[in-house]
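J.: Here is what each chain is made of, one letter per residue.
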Amino acid sequence: DVKVTQSSRYLVKRTGEKVFLECVQDMDHENMFWYRQDPGLGLRLIYFSYDVKMKEKGDIPEGYSVSREKKERFSLILESASTNQTSMYLCASSLTVNEQFFGPGTRLTVL
Amino acid sequence: ILNVEQSPQSLHVQEGDSTNFTCSFPSSNFYALHWYRWETAKSPEALFVMTLNGDEKKKGRISATLNTKEGYSYLYIKGSQPEDSATYLCAADRGSTLGRLYFGRGTQLTVWP
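Taken in order, these protein sequences are the chains called G and E.
One point on numbering: in my numbering, the residue at position 93 of the first sequence is 93, and numbering is uninterrupted.
One point on numbering: in my numbering, the residue at position 20 of the second sequence is 20, and numbering is uninterrupted.
Bound conformation, chain E alone (with noise of 0.2 Å):
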């Protein structure tokens, strides 16, 4: 079992704040770190894949950096909207063939008006 671990586990912020939460794993064995976003009602949606240390990602108002030698990535929204609302989950990826991602909780995000 590899041990994924994310802070805080629930998050409450108003319209237009900025806020980022924080996904650590061990950084032996590593190959890629997934995160996903997951809205009540749907299925986990994959936002980011990063694999090279120092990665950074972007989709619209949401980003992501990687640190592998310290076994850490942070997920940042900037002007959190009431429709970023979610779980957002991330992953360690040993680059296993069989496929295998170790998860961690989550951090739920909620988004008021």
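Chain G with its partners taken away, still in its complex shape (with noise of 0.2 Å):
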């Protein structure tokens, strides 16, 4: 089975931190995936990278940044955290086309 796993799952900051939320992924998957979900809002990717140092904006990159080093694992950073921050960060993977695998979620509070 293919596994995600995000650093925490919960996480409170304070205004102006800078925030580090970490992916990894076992199945050696090219494609990785930062979105945030909102309420009535779904699910709104961030960043995505497919392949090593090789990134892409999504339809919401303000305010955020991303690293992948290494295959199996892609970082994303808040550089200031701000309120409006506050959300569930989800990370997928996938292999180049189809079905994305899911981690379980960080819900990040910002003070």
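Hints listed in this document are in silico derivations from the structure and should not be mistaken for laboratory results.
Backbone N, C-alpha and C define an ideal beta-carbon position, used for all residues, glycine too.
Mixed in with the good hints there might be a few duds.
[Claimed, not checked] A few chain G positions that, by computed beta-carbon distances, are all more than 12 Å from chain E: (1) V12; (2) R14; (3) K18; (4) K53; (5) G63; (6) S65; (7) E72; (8) R73; (9) S75; (10) N84; (11) T109.
[Said to hold, decoys possible] So the derived list for chain E, only partly shown, Cβ under 7 Å to chain G, looks like this: (12) S43; (13) P44; (14) A46; (15) L98; (16) G99; (17) F103; (18) G106.
Can you join these two chains into the complex? Each is in its own frame, and there are hints to help.
T.: Right under this line is the structure:
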């Protein structure tokens, strides 16, 4: 079974802090994705990566950056956390096409 | 951005009722349509992937149909059970090798005992 893990289930940070969310997948998938989920808005794509060191902006990249130094790991970085970044963050991975496999999510609260 | 719409936004039914909801998507540049189920406190899990016009997939009491010419898919649940309570997401796939999916906002289903 594909396993996608995220570093924390719950995280509380203060405004202005730099925040790292880590995602690791164990199935040698090329593609990895970061989404945020907010009530009534569904899953919105922040960034995705199709190879090591390669990244593409999604629909809402502002205030975020990403890093993919190894194939299995994809990090989401909030350079200076703000309260409007309080959300559920989901990581996913996939082979070149089709089904995405999701991690359990990180619920981030920025105070 | 590829606009994927789901309706209704939420649905409350009694145990034993059958229900269905809709996903609509642009029919141009279409490759596949994905359905996911997302239960509270769990990860979204894939239900179906459909590619061909007229495709119909079934898993237990849940089935889905696809009309690529008019750009819609229906998800049906027969004899809903409380364990079917979840958010059902659909996603359109353009077949990009980058693997990007375009998700709708989901339909939140609550099944009351």
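J.: None of the hints should be skipped; say for each whether it holds.
T.: Evaluated hints:
no. : hint : in the structure
1   : V12  : holds, 18 Å
2   : R14  : holds, 26 Å
3   : K18  : holds, 26 Å
4   : K53  : holds, 15 Å
5   : G63  : holds, 19 Å
6   : S65  : holds, 19 Å
7   : E72  : holds, 16 Å
8   : R73  : holds, 17 Å
9   : S75  : holds, 18 Å
10  : N84  : holds, 19 Å
11  : T109 : holds, 16 Å
12  : S43  : holds, 4 Å
13  : P44  : holds, 5 Å
14  : A46  : holds, 5 Å
15  : L98  : holds, 5 Å
16  : G99  : holds, 4 Å
17  : F103 : holds, 4 Å
18  : G106 : holds, 5 Å
Checked against the numbered hints given earlier, the structure satisfies every one of them.
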